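Asks: Going down the list, the sequences are from chains X and B. Taken in order, the first sequence gives residues 1 to 76; the numbers are from the working numbering. Taken in order, the second sequence gives residues 77 to 460; the numbers are from the working numbering.
These aren't lab readings, by the way, just hints derived from the structure by calculation. Some hints here could point you the wrong way.
[Stated by the list, open to error] The list that follows gives simulated cross-link-like pairs (lysine to any residue, SDA-like), each with its CA atoms no further than 25 Å apart:
1. B:K308 - X:G26
2. B:K308 - X:Q57
3. B:K308 - X:Y71
4. X:K24 - B:G243
5. X:K30 - B:D99
6. X:K24 - B:M140
7. B:K233 - B:G243
8. X:K30 - B:R121
9. B:K308 - X:L73
10. B:K308 - X:A25
11. X:K30 - B:H113
12. X:K24 - B:D138
13. X:K3 - B:H113
14. B:K161 - B:E189
15. X:K24 - B:H113
16. X:K30 - B:E189
Everything numeric in this text was worked out from a predicted model, so none of it was measured.
Residues per chain, in single letters:
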Amino acid sequence: MDKYGVILFNTSSAAIQAEAVLNKAGLNVKLIPTPRELSSDCGLSLRFDWKFIIEVQAHQDNGRLDAAGIYPLPDG
Amino acid sequence: MIYVDYAATSWPKPKEVLSAMTDFLEYSGGNPGRSGHRLSIAAARIIFGAREAVAELFNISDPMRVIFTYNVTYAINLAFRGLLKPGDRVVTTSMEHNAVMRPLRALEKAGIELTVVPCGPDGSLDLEAMRKAITGGTRLVAMTHASNVVGTILPVKEVANLAHEAGAYLLVDVAQTAGVVPIDQPAQGIDLLTFTGHKGLYGPPGTGGLVLGERVDIAELEPLVRGGTGSKSEYEEQPDMLPDKYESGTINSVGIAGLGAGIRWVQSRGVESIRAHEAGLNELLLSGLQNIPGLTVHGTCDPSKMTAVVSCNMAGQHVSEVGLRLDDEFGILCRVGLHCAPAAHKTIGTFPEGTVRLAPGVFTSLEDIGTVITAFEKIAVQHG
Numbered sequence: 001m002d003k004y005g006v007i008l009f010n011t012s013s014a015a016i017q018a019e020a021v022l023n024k025a026g027l028n029v030k031l032i033p034t035p036r037e038l039s040s041d042c043g044l045s046l047r048f049d050w051k052f053i054i055e056v057q058a059h060q061d062n063g064r065l066d067a068a069g070i071y072p073l074p075d076g
Numbered sequence: 077m078i079y080v081d082y083a084a085t086s087w088p089k090p091k092e093v094l095s096a097m098t099d100f101l102e103y104s105g106g107n108p109g110r111s112g113h114r115l116s117i118a119a120a121r122i123i124f125g126a127r128e129a130v131a132e133l134f135n136i137s138d139p140m141r142v143i144f145t146y147n148v149t150y151a152i153n154l155a156f157r158g159l160l161k162p163g164d165r166v167v168t169t170s171m172e173h174n175a176v177m178r179p180l181r182a183l184e185k186a187g188i189e190l191t192v193v194p195c196g197p198d199g200s201l202d203l204e205a206m207r208k209a210i211t212g213g214t215r216l217v218a219m220t221h222a223s224n225v226v227g228t229i230l231p232v233k234e235v236a237n238l239a240h241e242a243g244a245y246l247l248v249d250v251a252q253t254a255g256v257v258p259i260d261q262p263a264q265g266i267d268l269l270t271f272t273g274h275k276g277l278y279g280p281p282g283t284g285g286l287v288l289g290e291r292v293d294i295a296e297l298e299p300l301v302r303g304g305t306g307s308k309s310e311y312e313e314q315p316d317m318l319p320d321k322y323e324s325g326t327i328n329s330v331g332i333a334g335l336g337a338g339i340r341w342v343q344s345r346g347v348e349s350i351r352a353h354e355a356g357l358n359e360l361l362l363s364g365l366q367n368i369p370g371l372t373v374h375g376t377c378d379p380s381k382m383t384a385v386v387s388c389n390m391a392g393q394h395v396s397e398v399g400l401r402l403d404d405e406f407g408i409l410c411r412v413g414l415h416c417a418p419a420a421h422k423t424i425g426t427f428p429e430g431t432v433r434l435a436p437g438v439f440t441s442l443e444d445i446g447t448v449i450t451a452f453e454k455i456a457v458q459h460g
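In isolation and in its complexed conformation, chain B is listed as follows:
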């Protein structure tokens, strides 16, 4: 079996992640920050360790500005709904995942003014178009760091400069890049960074978060959910301290224990080294696929400008058929369809059919990529 669906979720998880989770349940299963007994304290230390790991990964000095959520979608919704009010101007790109697009479209109906900057057919962002869209009075610019469809990396720092010049915050969805592309939140000017734990950070599903940059005043950001925090328990109003203001209810503690271990594991390998490994896989994959007659590969096709996420279409065959054959006949597991990003597919010209998406990761070898290419060659020949 060859798993090339890391853009959906990474698999397998490192053994360190599995043991951090079983150890957590076996030895530190108290409710962190609630009770004062040894199991609760042990759990709280592990959660705080994970908070520190996230802060280090994104080069944030204060771990309290790391807010854990249940996935990146929750973090994005928290940021949008907490910050935006009717009349606010928001700018985004046409390469966004529905995790960004759907909440913005809903808020548009509720009175925000939304501008979607069209990207090129390879998923790249035209900075001049972005500059024109970000006018004075823009409240927020929200963008993906890299497309989940074609892997194209967008110029975060350049957009941050434009956003900040206009007095706007920048939100960046790093679901596809955390752990895969080096990220320095302060240096890149990211005010609201939203991440998922179960992809390039090799943690379990049910983990993610929002990291608040120094420029964000938490008085401007309302919580999405209110409830028990283990703090200020005498008050019936939500506390305004970080991270409790945004972390009501019992946290996914076992998941975060796994996420902390995942991040430590990624850091021990080095994000640069993971990036180099994936670029090598990507180069072989792209060159192999581009030689197959009838196969169209989308995106920049330049490993230096993208993550290892490759989308393609086989002439005359539906993506669903290709996906089924890859699984049934070759044991190759990938994702086909629209990948929850209709706007991105409209941008690259593959809507409504979608694409076959191949996304290798840390445990994929060059030999695996060779097998994937051979499978595509066979499917193309048999069809032709």
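Chain X with its partners taken away, still in its complex shape:
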């Protein structure tokens, strides 16, 4: 069963920018409304396949994502 992760952002512009960064890196991501149980910081978040958490985290650590947080999606 697939498990998803979700990347939260402070602004929707940052979410759109990160989508392009991760797509370009070959990672399949999807913009979704931010899950209420995680945060209401910004209306848009990025959902990704949790098996790519290492790659996603690496992009964040390199300053290419500007994420406000990266979490496993509850009940994924």
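Given chain X, put chain B in place with the hints provided.
Replies: Chain B in isolation, oriented as in the chain X frame:
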């Protein structure tokens, strides 16, 4: 019909701009950054694409430092009102448009100290006078990149050096030059760049923005308007993230879709190539007009030192009469009067009458300029 009023707004707009706007409304009409559904996301992608286009155009690495506003006037007001406090020293030039001058005069009444550096009768800036005006403790230097009356281009990089040596920020109003003269914001030392979308960027009215250079600390810049941003919705205070801090309320999304397409269109032609085309038109226009008896052409009259904005006066005729005759009898559309820049007209000696201003653009041909010159010759002869 010959449209030579590009300094007021460019017309016609490229087909790509029109289709970007109709496509936006038809296929991506959601509210960007608000809802999470496909139409909202499609809209947000288009807005972000426009943000990237602006960043590329001015050679800024971070598109988040592009703040969209409803016009350049709003962007200038945001910068002034967000940054300046009573007691701050501000230096500007006598060639400014009222978009710069009026907010500064109002802030002067509220306690800022304003110095207006006089320019020469051709609109040029005396750097030595600027150097004397920018003293230690100056908070901001605000200047136009090129005059909207006579097209004279001011030395931005040199003023940036003076401003930065004194510890001041430099704001440059590029309303007349974006898309028309190459601009490299970091290389030219522009801290606060304010632009309009509907002139040389060929977007629609209702678009513009403020681009923040790397030196500007956003903690020092208060928003002009506060409200919903689609982010930090649980808080009743304004978020401090870019660009949301300065973009409250639903953005002019369809306009920005058009602006993004306009910038891409300008980039596909190349700003250098547009500059060369306009310089060619300008050269013919200047030489033709200068040969007409009774006609005074203002400014530097040197296409390498100006944008394609030419101001003139016909002896014995009010500019309003000339403008009406050009429209009625020759189908030539231009702007006459003071062009919202009384200080600039005082500087060049045409206040309060104003001038006839001819501003060709990308879609103007050399043949059109020939027709304009012939019309002026006829008006001059009939009057004489």
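Asks: Now look at each hint and say whether the structure bears it out.
Replies: Evaluated hints:
About 30 Å separates the Cα atoms of K308 (chain B) and G26 (chain X), which puts this hinted pair outside 25 Å; it is violated. Note on K308 (chain B) and Q57 (chain X): the hinted pairing holds, with a Cα-Cα distance of about 23 Å set against a maximum of 25 Å. Of the supplied pair hints, the one linking K308 (chain B) and Y71 (chain X) holds, its CA atoms being roughly 18 Å apart against a limit of 25 Å. Between K24 (chain X) and G243 (chain B) the CA atoms are separated by roughly 40 Å; this puts the pair beyond 25 Å, and the hint is violated.
Taking the CA atoms of K30 (chain X) and D99 (chain B), the gap is near 23 Å; set against the 25 Å cutoff, the hint holds. At roughly 19 Å between alpha-carbon atoms, K24 (chain X) and M140 (chain B) fall within 25 Å of each other, so this suggested pair holds. This hinted pair checks out: K233 (chain B) and G243 (chain B) have alpha carbons roughly 15 Å apart, not beyond 25 Å. Between K30 (chain X) and R121 (chain B), the direct Cα distance comes to roughly 13 Å. Compliance with the 25 Å bound is thereby established for this hinted pair.
For the hint pairing K308 (chain B) with L73 (chain X), the CA-to-CA distance comes to about 20 Å; that is within 25 Å, so the pair holds. Simply put, K308 (chain B) and A25 (chain X) have alpha-carbon atoms about 28 Å apart, too far for the 25 Å limit, and the pair is violated. Using a Cα cut-off of 25 Å, the hinted pair K30 (chain X) and H113 (chain B) holds, with the two alpha carbons roughly 11 Å apart. Restraint check: the Cα-Cα separation between K24 (chain X) and D138 (chain B) comes to about 17 Å, which is no more than 25 Å; the hinted pair holds.
For the hint pairing K3 (chain X) with H113 (chain B), the CA-to-CA distance comes to about 22 Å; that is within 25 Å, so the pair holds. Distance hint between K161 (chain B) and E189 (chain B) is fulfilled; the C-alpha atoms sit about 10 Å from each other, no more than 25 Å. Restraint check for K24 (chain X) and H113 (chain B): satisfied, since their Cα atoms lie roughly 22 Å apart, inside the 25 Å limit. Restraint check: the Cα-Cα separation between K30 (chain X) and E189 (chain B) comes to about 52 Å, which exceeds 25 Å; the hinted pair is violated.
In summary, the structure is inconsistent with hints 1, 4, 10, 16 from the numbered list given earlier, while agreeing with the others.
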